[in-house]
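Quick mapping for you: the protein sequence lines, in order, are chains S and Z.
Residue numbers in the first sequence follow the numbering used here, run continuously in steps of one, and reach 672 at the last position.
Residue numbers in the second sequence follow the numbering used here, run continuously in steps of one, and reach 1344 at the last position.
These are computed hints drawn from the structure, not numbers from a lab.
One or more hints might be untrue.
Chain S stretches covered by chain Z per the calculated footprint, using a threshold of three residues with CB under 8 Å from any CB of chain Z [claimed, not checked]:
no.	region
1	51–65
2	382–389
3	401–413
4	417–427
5	610–617
We put the CB at the ideal spot given by N, CA and C, even for glycine.
There are 2 protein chains.
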Amino acid sequence: MTGDKRTARERAHDLVAQMTLAEKCAQMKYDAPAIPRLGVPAYNWWNEALHGVARSGAATVFPQAIGLAATFDVDGVKGTAAAISDEMRAKYNQYRTFGETQIYQGITAWSPNINIFRDPRWGRGHETYGEDPYLTGRMGTAFVQGLQGDDPVYRKVDATLKHYAVHSGPERLRHSFDAKVGEEDLFETYLWAFRYCIDHAGPSAVMGAYNRVNGEPACGSKTLLQDILYGVFGFQGYVVSDCGAICDINREHHVTENEAESAALAVNNGCALNCGDAYKWLKTAVALDLISEETITACVERLFEARFRLGMFDEDCPYNDLSDDVVECPEHLALSRKMAQESMVLLKNDGLLPLDRQLNVAVIGPNADDKSVLLGNYNGTPSQYTTLLRGIQEAAQGKVRYARGCHLTQDQVGRWEEHPLREAVLAAQKSDVVILCMGLNPQMEGEEGDAYNGDMSGDKATIDLPSSQQKLLEEVAKVGKPMVFVNVSGSCLNLCRADELCGAVLQVFYPGAEGGKALADLLYGEVCPSGRLPVTFYRSDRDLPPFTDYSMKDRTYKYFQGEPLYPFAHGLSYTSFALEDLRFEGGAVEGVLRNTGSRRGGHAIPVFLKDPGDRSVNCRLAGLTRLELDPGEAAPFRVELCREILDLFDDSAALTALVDGEEVQRRSAGKK
Amino acid sequence: MTGDKRTARERAHDLVAQMTLAEKCAQMKYDAPAIPRLGVPAYNWWNEALHGVARSGAATVFPQAIGLAATFDVDGVKGTAAAISDEMRAKYNQYRTFGETQIYQGITAWSPNINIFRDPRWGRGHETYGEDPYLTGRMGTAFVQGLQGDDPVYRKVDATLKHYAVHSGPERLRHSFDAKVGEEDLFETYLWAFRYCIDHAGPSAVMGAYNRVNGEPACGSKTLLQDILYGVFGFQGYVVSDCGAICDINREHHVTENEAESAALAVNNGCALNCGDAYKWLKTAVALDLISEETITACVERLFEARFRLGMFDEDCPYNDLSDDVVECPEHLALSRKMAQESMVLLKNDGLLPLDRQLNVAVIGPNADDKSVLLGNYNGTPSQYTTLLRGIQEAAQGKVRYARGCHLTQDQVGRWEEHPLREAVLAAQKSDVVILCMGLNPQMEGEEGDAYNGDMSGDKATIDLPSSQQKLLEEVAKVGKPMVFVNVSGSCLNLCRADELCGAVLQVFYPGAEGGKALADLLYGEVCPSGRLPVTFYRSDRDLPPFTDYSMKDRTYKYFQGEPLYPFAHGLSYTSFALEDLRFEGGAVEGVLRNTGSRRGGHAIPVFLKDPGDRSVNCRLAGLTRLELDPGEAAPFRVELCREILDLFDDSAALTALVDGEEVQRRSAGKK
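One chain only, chain S, in its complex shape (with noise of 0.2 Å):
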């Protein structure tokens, strides 16, 4: 078909018209099979591509999502996502030599999610850009764009937003679940991001979520898929529903009596592509007339119009040219240890870090030497990989005495297991420095099914370190060496001992295979920490509502009423910066950033407004950019403002902007 003069659209339509009722139903699902006799072959829609292309064998691995966010670099994480859409498209390349594709082999991709990290008990909060919207908007379409890449014509990959909507756990309850949410928090927080990547990205396809919202399953929500996607926020794609959600429907949402009336709602509102076996009952669902064939058709045009804008039918597609030499290439590599550089978050320093080479140290904890704690969930496999330790014994010059001190969760150890708390002290005792390697791995937090964490299913009891860690941290802080204390979890955690014990820590999200490399950047002082944290540290479990509890009331920096340890977008560096000539105007702040310290580093510049006058939230933040200078260099800046966010103030407002701490008066009061 190639040259085809047709657009995608046309070609689907013209395609569709000569499948029978039959074929059109089981294009529906997500692994639909070949009609030889119009030249389909069989495609799998299912992939991933979190933070690297997930599931199908070598890949890079990029740092997790929760990592991305951190590096509050949209620029960083758009190119982040072009690499993995060239990884991607390789491999599928590769693939169909097959004649076919299996699952994890195509390019429709089930990423990003852009799910709101409301409270961090959630397992699969590491998945997401963290708590806050705005952050979550632009992460989220530098990431769709990055996949979905710039050809006038064709798209490397299909980005797919999810989980439509509200969803955020208990990962226990998902099939179950009625996330019951007001107005204000619906539109202002767990749907704003999706509509901002729609409204700034076009992303091919949005997934719905496995709860219900207000009562509604969110596969088949009349309000959320047809009065709000396609209604309100003018969405052009397709919906997939997420795996098995359909006959959730009836099932355990009780919503419907059987899969065809569950088939119906969800297709009647929308949903085109069934990932799971619902969809077997829609030709009984058409013979009910619970839908029409048009209504089926419409659906199966929407999908082939998404394969043809895809490629997948024509020769000239510029993307068939990509060979799987960019699987794990050297740029892609040299990306993902910017990409981890760059995540890190520096949380508190008393002048500890950066190390110097020569010293001793001791590398100390579970999460030194363990390779799933770079790699997160949904990930690909590394051909190589640096864990923290690795890359901290390829960096020292000193002697590294590695001792992993206590096991990851159980404190009491088995009468005749190993004892490692001991030789960990023992490693204090001989070492200049000591580097505590602890925190969470992707098991302890995850998916529902993926994790082991006990009755949790994948979310967390609570945001305390593991006792057994907590021992050993109490331990070893009796020695009195000076000490770094590395956090590795995709969330929250309690870090208020830490803090107090420690001279220097530094939060880890899951940062990628070259995380160890990126940590001894770090550590070293070859590179300053730029990261900043993209959701609030809180001091306790006490801090947080009911984890069932949806409202926003109390939660993340814009409504918490308490006192974080470490607020959002907190991140220290180890060179200065000071913003000068600072302004406020119509719909933008301007200033000048200079690096006043003595090394060259990454800062970003998170614009937050507050109306002072308005007690129901802190701030918002509604814009950021992000520069790197050298020592004494100074350069101009200007932070365009979201234009929605400035929409959510009343226009007569005394609005402030909160510059990197500084507070700024808006000059003209005028909105726009």
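Given chain S, put chain Z in place with the hints provided.
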């Protein structure tokens, strides 16, 4: 007590004389408490040193015992054990600064395991030195000597021969199993290496097994302990029970009525130390007149003689100076790499190996990038390690493509799981040569409780490759590229299809932390393979008698009537060797070995004896030596044959020696 002129035995006698009965009884448990009034610190006797200090944190991890046996390098094994005991002692010197030792912190090693690997299905077989009593005796002797050191006064570390006796599965039944064995098999196979090691190395300790032998529980067996070990063999050391084995006597074997009787049975037959809890009942047993206090005293004297001989109470013990700088020192890592090189056995080579570094290689298989297959069981935690994949990546100059290819064991991949086969086929298509890294891992063949091999509790139901891997082999073979089959396992597997389909087959026993480097050294010809099989590689499960049958009939190279795929002691090289001037006179074989090839290489010369008139046994290994020669170099060798093996042959027999495949008749019929 520095400068004490008394012998260790005298000091033990004098110290124990000051103890109460209760104090003495408590000292017979492995977790012996302190006796502050006598200056005796608490001491935990349990430590492990199978192929490196185990379960005690960072340590050099050498090849698993079965791999050490495959080196056929007696001096190398002694050097390995010396390195291990240096590390153990150095760690002890640190741990004792806490005023006591915990488990895995002492200097009494419950190693080596010199059981006979009579059946490849036994899960713990890889802890042993293989199927041959003589090879086991030589390796065990070297290992004990290396552990115990050669100080005239002090032992560096106590070695413990285990498991005495006739212990080799099934793991699931080990606490209640009664191994029924005839006298010839008992003495010529199961006990032979124990006696040999006792005669030649003077081990400090022997550990009793879990099982019964001909009805008697091993840890309480008059026949095994009193009559044979202390009587016939003249053993001078102490006996320790396997962990929980004494409670098994009443609870599982039902030979006694209660723990007091079990403890009495064990102590009265010479088992001085109890791993487990049975000796809590010792005071009761004495009160019931089941044991005399004199017997208790004699046991405790043996134990304290050992502790004095280890220098635990002396300031001037030369081993006190060993600092933890020896742990994972460069010399030990180099030795581990060298032993790993020697432990790998080239089973087939049609000229494919060694590889040119410029070739593009596909490294395929579930064992390619698995740390656990480096480590085996009873292992330490290496601070650095090189997986097979990484070793190849570091050595190759062409492109290395990695594909896992399949799950280690699961044939049916879940519908929503990764489907890794196609990636492997693609990698093969694009490469010049395929290196398949297949086999088992230490979770699939291990100990009861350790392993998760379903119903088999660590044993294997079959010697076939898992069907997932069989399928991968067949599919990759269809690509038609030259293939090297790297089989990682601790035991014989059925490699018939690998032998048919692949140009080269290399057996890699769990090779230790440097395993990947050693593999690359061999694959790329940096070093010639020189390992030899310490076990017969059978063709099929049909070659094996029932697992629970302890008769040696039709087992091992000595008695097997069939045709193995690769026989015991088989092992190829990249160079070639010729034997010249071969003579067999009296008790020795002499000759000249010439390296007739073009590469330096090591070469073991095992000497088997056979009596053509004796149909009951095929042949018996009776001597061995090992040389390393440059190309063209020749060196004389002399192999002293083992007196105890010669004694097994009829004096008048027409004795023939098989030397590396060449037969030579004994010139003088005199046996001695």
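Okay, the hints, checked on the actual structure:
no. : hint    : verdict
1   : 51–65   : holds (count 4)
2   : 382–389 : holds (count 3)
3   : 401–413 : holds (count 4)
4   : 417–427 : holds (count 7)
5   : 610–617 : violated (count 0)
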